[in-house]
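Trainee: Chain A is already provided as a structure; the job is to place chain B on it using the hints.
Chains as they are written, first to last, in the working numbering: chain A, 1 to 97; chain B, 1 to 333.
Just so you know, not all the hints are guaranteed correct.
Which residues of chain B face chain A? A few of them, derived with a C-beta cut under 10 Å, are [what the hints assert, rightly or not]:
#	residue
1	Ser129
2	Glu150
3	Ser165
4	Asn168
5	Glu237
6	Ala238
7	Gly241
8	Ile242
9	Glu243
10	Val290
11	Asp322
12	Tyr326
13	Leu331
Computed far set for chain A versus chain B, every beta-carbon distance over 10 Å [as the list claims (entries may be wrong)]:
#	residue
14	Asn6
15	Thr31
16	Glu34
17	Asn38
18	Ala42
19	Tyr43
20	Gly55
21	Asn62
22	Asn68
23	Leu73
24	Asp74
25	Gly75
26	Ala79
27	Asp84
The hints are simulated quantities; they were obtained by calculation from the structure and are not laboratory data.
Heads up, the beta-carbon is just placed ideally off N, CA and C, and yes, glycines get one too.
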Amino acid sequence: MSTTTNVLVLIPAPLRRYTGGEAKVNVSGATVAELIGNLDAAYPGIGDRILENDGEIRRFVNVFVNGNNVRKLDGVTTAIKDGDEVGIVPAMAGGAR
Amino acid sequence: MSTRVIAAPRRTNPNSSPSRPVFGGVAGSDPAVVQAIGNTPLLGLSRFAERIGLPPSIELWLKAEWANPGGSVKDRPALAIVRQGLASGQLGNGRTLLDATSGNTGIAYAMLGAAFGFPVELVIPESASSERKAMLTAYGATIVYSDPYEGSNGAILMARELAASKPNDYFYADQYSNKANPRAHYEATGPEVWEQTSGRITHFVAGLGTSGTLMGTGRFLREQKPRISLVAAQPAEAFHGIEGLKHMPTAIVPSIYDDRLPDIQIGVDTEDAYAFARELARVEGIFAGVSAGAALAAAVRMARECADRGEPAAIVFVAPDDGGKYLSTELWS
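Just chain A, same shape as in the assembly (with noise of 0.2 Å):
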């Protein structure tokens, strides 16, 4: 069920390089951990960025579900359906590019 929701990702610019530059990428994934699952296994590395060890989101990295933060919804677990927008954003920091 999961491998047929598509989800816009959209990347911050430090994060960039693990995407050739793409601003914008397409994944798929039923939940937050699933996508972003799914989103390391496309860019090998990203993930590590995102998540610690255990699987949680690192504190200093927010994940939004269209605009919505997931630490106020089910976090990793926050449930995605097809359509959706799923940003990433560290607290914010001196810039990247």
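Mentor: Showing chain B alone in chain A's frame:
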């Protein structure tokens, strides 16, 4: 040994106009708030040093920049930039001060704009902490949000475009290129640290944002003591959460930054910066921000290296702000 506090000498406040007494406040003088900028305390972290097992021959000192009236080190460069703008006529006559900022410089500009009476417009990434946005609004500044996915580089590029589109309306302060930024630290922060340590300082540690603190303070200190170690702390990775600091290899490098000045560059993980900020709160009761945690992480690395070599050291690091602006983040949770 108790925590020591050394107040900076009051007589040498270069932020005060030379034509009137430092303890002014008379008609025609600087706005009141300007008189509170600079002369911040230097705090000796003897409890923390003992807790992490440093020998008494290694001293750790924290320059408490949250004591500035705008709550951060940025009051110093912002005041120097504003003074220069007013003196040159680029600011005033209804012109709006414009800059890109990750927050603290914006708060300083907004405070000074209110006090001196000029409008302030700031470009900040929409992802800046909500406390900062609220403070800017409280001072009456106008906020323009840049794309959070483009980080502070995106804010800089947007500010440049705005400045170029209406050059007669704006004084583009450009903290990343404005030489008044490091000069403020050369003229004040450096002499303060030198006098507060009676010249015993062996290492000066500061995080790199605009780099103004390290450039200005570092140059002054090196002139006094050529063998001093100047240590730059920066995020270990491009993707980080140390608000206010830059990962120079991937940033738009500030033109005031000279990478030949620091002797040592230390990359700090965001998680370590958070952990040291929390430790500082719990061991010393000092509630500092995440960039202070990053500078402390670098200072501790220096301290341990000196201890391993059996060398005495007096290590000073800068705490750019306090922890209050990060309450909405995961820093304290």
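Trainee: Look at each hint and say if it fits the structure.
Mentor: Each hint, compared with the structure:
1. At about 6 Å, the closest approach between the beta carbon of B:Ser129 and any beta carbon in chain A falls short of 10 Å, and the interface hint on this residue holds.
2. For B:Glu150, the interface hint holds, since its Cβ comes within 10 Å of a Cβ in chain A; the closest pair sits about 5 Å apart.
3. A hinted interface residue such as B:Ser165 counts as satisfied when its beta carbon comes closer than 10 Å to some beta carbon of chain A; here the least separation is about 21 Å, so the hint is violated.
4. The criterion of a C-beta within 10 Å of any C-beta in chain A is not met by B:Asn168, whose closest approach is roughly 28 Å, and the hint is violated.
5. This hint holds: B:Glu237 has a C-beta 7 Å from the nearest C-beta of chain A, less than the 10 Å allowed.
6. Given hint, B:Ala238 at the interface with chain A, holds; its Cβ is 4 Å from that chain's nearest Cβ, closer than 10 Å.
7. The beta carbon of B:Gly241 is positioned within 10 Å of a beta carbon in chain A (closest approach about 2 Å), and the interface hint is therefore held.
8. At its closest, the beta carbon of B:Ile242 sits 6 Å from a beta carbon of chain A; the interface hint therefore holds under the 10 Å criterion.
9. Of the supplied interface hints, the one on B:Glu243 holds, with its beta-carbon coming within about 5 Å of a beta-carbon of chain A, less than 10 Å.
10. Satisfaction of the interface hint for B:Val290 is found here, the shortest Cβ-Cβ separation to chain A being roughly 8 Å, below the 10 Å cut-off.
11. With its C-beta approaching chain A no nearer than about 17 Å, B:Asp322 sits outside the 10 Å limit, and its interface hint is violated.
12. With a least beta-carbon distance of about 8 Å to chain A, the hint placing B:Tyr326 at the interface is held under the 10 Å criterion.
13. Contact between B:Leu331 and chain A, as hinted, is supported at the beta carbon level, the nearest pair being about 7 Å apart and thus within 10 Å.
14. With a least CB separation of 20 Å from chain B, A:Asn6 remains clear of the 10 Å interface cut-off, as annotated.
15. Listed as a non-interface residue, A:Thr31 keeps its Cβ farther than 10 Å from every Cβ of chain B; the least gap is roughly 21 Å.
16. In this structure A:Glu34 is separated from chain B by more than 10 Å, as the shortest Cβ-Cβ distance comes to about 21 Å.
17. No beta-carbon of chain B is positioned within 10 Å of the beta-carbon of A:Asn38; the least distance is around 19 Å.
18. The beta carbon of A:Ala42 sits about 17 Å from the closest Cβ of chain B, which is more than 10 Å, so the claim that it is off the interface holds.
19. Distance to chain B confirms A:Tyr43 as a non-interface residue, since its nearest Cβ pair spans about 13 Å, more than 10 Å.
20. No beta-carbon of chain B comes within 10 Å of the beta-carbon of A:Gly55; the shortest separation is about 15 Å.
21. At roughly 7 Å from the closest C-beta of chain B, the C-beta of A:Asn62 falls inside 10 Å, breaking its exclusion from the interface.
22. Even its closest Cβ contact with chain B, about 14 Å, leaves A:Asn68 beyond 10 Å, as expected for a residue assigned away from the interface.
23. No beta-carbon of chain B comes within 10 Å of the beta-carbon of A:Leu73; the shortest separation is about 15 Å.
24. The beta carbon of A:Asp74 sits about 17 Å from the closest Cβ of chain B, which is more than 10 Å, so the claim that it is off the interface holds.
25. At the 10 Å boundary, the C-beta of A:Gly75 stays outside the reach of chain B, the nearest C-beta of that chain being 12 Å off.
26. For A:Ala79, the requirement that its beta carbon stay farther than 10 Å from each beta carbon of chain B is met, with the minimum near 22 Å.
27. Against chain B, the non-interface label of A:Asp84 holds: every CB pair exceeds 10 Å, the least being about 17 Å.
Of the hints listed earlier, those the structure fails to meet are numbers 3, 4, 11 and 21, in rising order.
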